[in-house]
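Could you build all of it, start to finish, from the sequences and the hints given here?
Chains A and B, in that order, are what the protein sequence lines are.
Counting the first sequence from 1 gives a position; my numbering is that position plus 14.
Counting the second sequence from 1 gives a position; my numbering is that position plus 91.
Rather than coming from a laboratory, the hints here were simulated on the basis of the structure.
Among the hints, erroneous ones may be present.
Claimed, not checked - What the simulated footprint calls covered on chain B by chain A, stretch by stretch (three residues with Cβ under 8 Å from a Cβ of chain A suffice, anywhere in the stretch; the number is not a length):
#, stretch
1, 135 to 141
2, 157 to 170
Unchecked claim - Each computed PhoX-like pair below joins lysine-lysine, with the alpha-carbon atoms no more than 25 Å apart:
#, chain 1, residue 1, chain 2, residue 2
3, B, LYS142, B, LYS162
4, B, LYS118, A, LYS56
5, A, LYS15, B, LYS162
6, B, LYS153, B, LYS142
7, B, LYS135, B, LYS153
8, A, LYS82, A, LYS15
9, A, LYS56, B, LYS153
10, A, LYS15, B, LYS135
11, B, LYS118, B, LYS162
12, A, LYS82, B, LYS142
13, B, LYS153, B, LYS118
Ideal Cβ placement from N, Cα and C applies to all residues, glycine included.
If you want the building blocks of each chain, they are given just below.
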Amino acid sequence: KQEVTQIPAALSVPEGENLVLNCSFTDSAIYNLQWFRQDPGKGLTSLLLIQSSQREQTSGRLNASLDKSSGRSTLYIAASQPGDSATYLCAVRPGANNLFFGTGTRLTVIP
Amino acid sequence: NAGVMQNPRHLVRRRGQEARLRCSPMKGHSHVYWYRQLPEEGLKFMVYLQKENIIDESGMPKERFSAEFPKEGPSILRIQQVVRGDSAAYFCASSPPGQGAKETQYFGPGTRLLVL
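Structure below.
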């Protein structure tokens, strides 16, 4: 059964720091992995989608990597800003039907 | 192009009442997914629908919950005889027809259901 774990559960950093969020999954048979951002009381915003054949994706200050064989992904955020404060969710897609989500990392960037 | 729309955004029901949650997918999207986020838990898949068809309902509770995506109109998630444990945020996502599992799912803002 697929399980997705995100560590740490919460993280506080001062503004300007670079940081790494971790995601691990137990079943490597996935089509892709997606990182989302969730703001309090809001929906999910897709940040990056990495197909199973890819190793990494970049968008602005964000870089996500995928090591499918070891069941790991990281989300790297460069030069963090207070506006980056949110919960970051990792989700894997084992098939066409659904996503398996981790419980998220709650990030606070302190001005 | 408007994003995925869900209404109502907040819904309060008393135990035993019915809750109807609506989801309008993005224009051109024919695949709809419903997820539930219980307090302090991650999102859990409930059901995947295409127009007029339920494709996968493996995450739906066996009783009281049903979903539909008619030919015309929004997708509806219906919860009958709600109980306090149904209190959660319910998210809808949509994706276009095409490459199936390779497509990004686009999420709506969610409906927060509170059962008193």
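Hint check results:
Beta-carbon proximity to chain A at under 8 Å applies to 3 residues in the stretch 135 to 141 of chain B; the threshold of 3 is reached and the given coverage holds. Residues of the stretch 157 to 170 of chain B lying with their CB closer than 8 Å to a CB of chain A number 0, which falls below the three-residue condition for coverage. With a C-alpha separation of about 6 Å, the suggested pairing of LYS142 of chain B with LYS162 of chain B holds against the 25 Å cut-off. As the CA atoms of LYS118 of chain B and LYS56 of chain A are separated by approximately 21 Å, the hinted pair is consistent with the 25 Å bound.
Proposed proximity of LYS15 of chain A and LYS162 of chain B is contradicted: the alpha carbons are some 34 Å apart, above 25 Å. Among the hinted pairs, LYS153 of chain B with LYS142 of chain B is consistent with the structure: their alpha-carbon atoms are about 22 Å apart, no more than 25 Å. Taking the CA atoms of LYS135 of chain B and LYS153 of chain B, the gap is near 15 Å; set against the 25 Å cutoff, the hint holds. Simply put, LYS82 of chain A and LYS15 of chain A have alpha-carbon atoms about 16 Å apart, close enough for the 25 Å limit, and the pair holds.
At most 25 Å may separate the alpha-carbon atoms for a hinted pair to count; LYS56 of chain A and LYS153 of chain B exceed this at roughly 28 Å. Proposed proximity of LYS15 of chain A and LYS135 of chain B is supported: the alpha carbons are some 14 Å apart, at most 25 Å. A hinted pair counts as satisfied when its Cα atoms are at most 25 Å apart, and LYS118 of chain B with LYS162 of chain B qualifies at roughly 14 Å. With a C-alpha separation of about 33 Å, the suggested pair LYS82 of chain A and LYS142 of chain B falls outside the 25 Å cut-off, and the hint is violated.
This hinted pair does not check out: LYS153 of chain B and LYS118 of chain B have alpha carbons roughly 31 Å apart, beyond 25 Å.
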